[in-house]
Amino acid sequence: MKKHPVYDHLNRKKPSILALIDPDRVLLENACKIAEFVIDQGVDGIMVGSSLLVSSHFEHFIAQIKKGSSKPVIIFPGCSHQIAKKADAIFFLSLLSGRNSEFLIGEQVKAVFCIKEIGLEVIPVGYILIDSGSYTTVEYISNTRPIPRNKPEVAVAHALTGEYFGMKYTYLEAGSGARMPVPVDMIKKVKKETSISLIVGGGIKTAKTARAIIDAGADIIVLGSIIEKSKSEFKKIMRATK
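Under our numbering, think of the first position of the sequence shown as 1, with each following residue one higher.
Treat the hints as calculated values from the structure; they're not laboratory data.
Values in this document were obtained by computation on a predicted structure and should not be read as measured data.
The beta carbon of each residue, even a glycine, is placed where N, CA and C say it ideally should be.
The reader is advised that the hints may include incorrect statements.
Listed below are the simulated EDC-like cross-link pairs for lysine to aspartate or glutamate, each with C-alpha atoms no more than 20 Å apart in a straight line [stated by the list, open to error]: (1) Lys66 <-> Glu102; (2) Lys67 <-> Asp40; (3) Lys13 <-> Asp44; (4) Lys231 <-> Glu36; (5) Lys189 <-> Glu228; (6) Lys67 <-> Asp44; (7) Lys168 <-> Asp40; (8) Lys71 <-> Glu36; (9) Lys208 <-> Glu163; (10) Lys231 <-> Asp40.
The calculated label-pair distances, taken between Cβ atoms and stated as ranges, are [stated by the list, open to error]: (11) Lys14 <-> Phe165: 39 to 45 Å; (12) Arg25 <-> Arg211: 34 to 40 Å; (13) Ile118 <-> His9: 15 to 21 Å; (14) Ile118 <-> Ser232: 22 to 28 Å; (15) Asn150 <-> Lys231: 23 to 29 Å; (16) Asp40 <-> Arg211: 35 to 41 Å.
Model the full assembly from the supplied sequences, consistent with the hints where possible.
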């Protein structure tokens, strides 16, 4: 039977906190230091990826993150080129909220042989964009519209679709630098109607918001922009979620 050590690690402790580090926003020479910082604060793993990826050193970036991390390093791919053999796993995303086949299945088909060849642990994730009150990079790049904030039943329908497809996680995403996080009411309804673990990310800027999202049912929360913008607030969030 195939082993899934990263998936098992993430499910061992709930809630889990993942740090998202964007290689387009962090210099290569600072990657190891940032990884050490977030690990010291108690995150359960590090996600690495970008919606755009204008940098050309993804493999080297992953290697630097690995140097500074004692926890799993998970690729959070924005396209089929974001693959690195030194990573521990990859979130195999399918953008369910959009109707652009390239991000529903196209990029995935391009990546599978490389993923198989290097032996990455694959974690299938149903990725669902939620309106955050601002036009996000992932929305622009994927050429898709997010689910409206006031339509939790639509989010539930997409989450259930992912579950029935066999996804291991549902990921409700407000987007990097989102003005507002995923609504608590939506998180509660998705959690109630589905049986797979729930990841929530985007727009989590305060300890109060993080705690509310966890209390609403998130099994994993993702912290990204706040790490770059305010290390002190990031520390507060980590203390509030332990």
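Now the hints, each set against the structure:
With a C-alpha separation of about 30 Å, the suggested pairing of Lys66 with Glu102 is violated against the 20 Å cut-off. At roughly 14 Å between alpha-carbon atoms, Lys67 and Asp40 fall within 20 Å of each other, so this suggested pair holds. Distance hint between Lys13 and Asp44 is fulfilled; the C-alpha atoms sit about 9 Å from each other, no more than 20 Å. Taken as a hint, the Lys231 and Glu36 pair is honoured in the structure, with Cα atoms around 13 Å apart against an allowance of 20 Å.
Between Lys189 and Glu228 the CA atoms are separated by roughly 31 Å; this puts the pair beyond 20 Å, and the hint is violated. Only pairs whose Cα atoms come within 20 Å are accepted, and Lys67 paired with Asp44 is accepted, the gap being roughly 16 Å. Taking the CA atoms of Lys168 and Asp40, the gap is about 28 Å. The hint is violated against a cut of 20 Å. For the given pair, Lys71 sits about 10 Å from Glu36 by alpha-carbon distance, which is consistent with the 20 Å threshold.
Distance restraint check for Lys208 and Glu163: the Cα-Cα separation of roughly 29 Å exceeds the 20 Å cut-off, and the hinted pair is therefore not satisfied. A distance of roughly 12 Å separates the Cα atoms of Lys231 and Asp40; the hinted pair therefore holds under the 20 Å criterion. Look at Lys14 against Phe165: about 23 Å separates their beta carbons, and that is not inside 39 to 45 Å. Between Arg25 and Arg211 the beta carbon distance is about 26 Å. The supplied range of 34 to 40 Å is therefore violated.
With their beta carbons about 20 Å apart, Ile118 and His9 fall inside the hinted range of 15 to 21 Å. The given range of 22 to 28 Å is broken by Ile118 and Ser232, whose C-beta atoms sit roughly 38 Å from each other. Between Asn150 and Lys231 the beta carbons are some 34 Å apart, a value that contradicts the proposed interval 23 to 29 Å. At about 21 Å, the CB distance of Asp40 to Arg211 disagrees with the hint of 35 to 41 Å.
Hints 1, 5, 7, 9, 11, 12, 14, 15 and 16, counting from the list given before, are not met by this structure.
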